[in-house]
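S.K.: Residue numbering for the sequence shown follows the numbering used here, starting at 84 and increasing by one per position.
These aren't lab readings, by the way, just hints derived from the structure by calculation. All residues carry an ideal CB built from backbone N, CA and C; glycine is no exception. Among the hints, a few may not be true.
DEER-style ranges, computed between Cβ atoms [said to hold, decoys possible]:
#1 Ala351 x Gly457: 19 to 25 Å
#2 Ala488 x Glu254: 20 to 26 Å
#3 Gly539 x Gly436: 26 to 32 Å
#4 Gly539 x Ala571: 34 to 40 Å
#5 Glu480 x Gly457: 36 to 42 Å
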Amino acid sequence: MGAASVTVLTASLRGVEAGLVKVEVSVSGGLPGLDIVGMPDSAVLEARSRVRCALRESHFETPREHVTINLAPSDVRKTGTAYDLPIAVAVLVATSQLPPSVAEGLLFVGELGLDGSVCAVRGDVAYAMLAHELGLGLVVSAGSPLAGEWAEGVYGMRHLSELRDGTAALEPLDGGCLGPASARRDVPDFGDVADQELAKRALTIAAAGRHGLLMVGPPGSGKTMLARCLPSILPPLSEEEAASALLVHSVVGEPIDLLAEGVRPFRAPHHSISTGGLVGGGRPVLPGEVSLAHQGVLFLDELPEFSHATLQALRQPLEDHVVRIVRVDGAYVFPCDFQLVAAANPCPCGHLGDPGHECTCTQPRIDAYQARVGGPLMDRIDVVVDVPRPEVAKVIEGRGGTTSAEMADLVASAREFRSWRERDLDEGESPPPATELDARARQALESLARGLSLGGRGVVRVTRVARTIADLGERELISEDDVVEALAFRPRSKG
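Construct the entire structure; sequences and hints are all you get.
M.R.: Shown next as structure tokens:
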């Protein structure tokens, strides 16, 4: 007979957070077998077969008594395969095949292969956060992608048989270091985009002020390429930003190597995506694309092709920077502070206003196509730019124009200047307010707003973009030229 009762610590995922779970094992007489209780799902129940095979292949004895395994707290549903390793450890301790000291001060998480190998599971960053909060060590698969500070106090296992030598023999996980040294290696450069200087200027303004951006142009004009270059001019992730982005990606099971190096996420879902896929949902409830774009860029290509319901579901995340999903077992909250970038054709055939190509669309079809996006979403887009088809000669010559390095310097300087203005306001000094215009700029804005029939929302939007343009020029007051340029990038919708 083994020990009467044994407890090994593990964790469960709920949304993007990990909660402590105790694996309690009791060995008693009766028919041999493993019973798992505590609201397990089918994947957890299947752990019985995986644990038996893993014990046998690791040359441990399979229990010949009746083993009852309780996952506490028992009123929380347990899902996934991360309980395999802690169940196996608890069984081995309960049957006296391992000493109780093996499980002291450690949190075990991992899936077991039938050969006894320890496989990585999603959510390692969440587990590491919980272990740090509780002052515990964490044992995971040696193949875990944890990096930097999250690898501190984490030990990697390749095979269950390694426990024969005790956990003291486990090697700390080599997480490497965070840093921007090679951060932009997989991000395209604006220098590779030929003959699109106006669009690059719009992207620079959008990046400096975190404005929503819409690019309108015919197929083949380079809208998608321009959008994919945007992360190359955004500042690297701060430690706090990287931690929140890493958490979301880890919970979903997405790669985190670029995030660990400071590169902001870039997500480009297909227009056929469901509302749940975009904002989150499913069973178990997981973050959607808007949360995977947290602290980065969400790019919606072919914007009018997205369903109306899916686009309208973006309104609350754009406003609150969080997604709230309510289910029977409670509410789930996912972060989603992202920058929206979109692209669209001017009409269904894509050739409206395109020199050399005749548009075959009727005016009612054009109006219906352009109305698909809807006013509420367009209210969150401050910058709209036309992207014409590039000149063939410039493409052949490879004349790329402004590079990402040049644009990134402008963006960094503008953000630093804005921080200086906002810091002075917090310290009680009296610099010009963030939206203050000089006399000529105010006169120009009033005149042009009347001529263009801009409403209050449109004036605020133009002023906001003009403030960013002034920051790019490191001007405390918004000038007339800033207002004129901002008006050139105004959304085409009314107001």
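S.K.: Run every hint past the structure and note whether it holds.
M.R.: Hints, one by one, checked against the model:
1. Ala351 x Gly457: 19 to 25 Å: With a Cβ separation near 21 Å, alanine 351 and glycine 457 satisfy 19 to 25 Å, so the hint holds.
2. Ala488 x Glu254: 20 to 26 Å: violated (40 Å)
3. Gly539 x Gly436: 26 to 32 Å: holds (30 Å)
4. Gly539 x Ala571: 34 to 40 Å: Distance hint for glycine 539, alanine 571 is violated at roughly 20 Å.
5. Glu480 x Gly457: 36 to 42 Å: Roughly 41 Å apart at Cβ, these two residues keep to the hinted range, so it holds.
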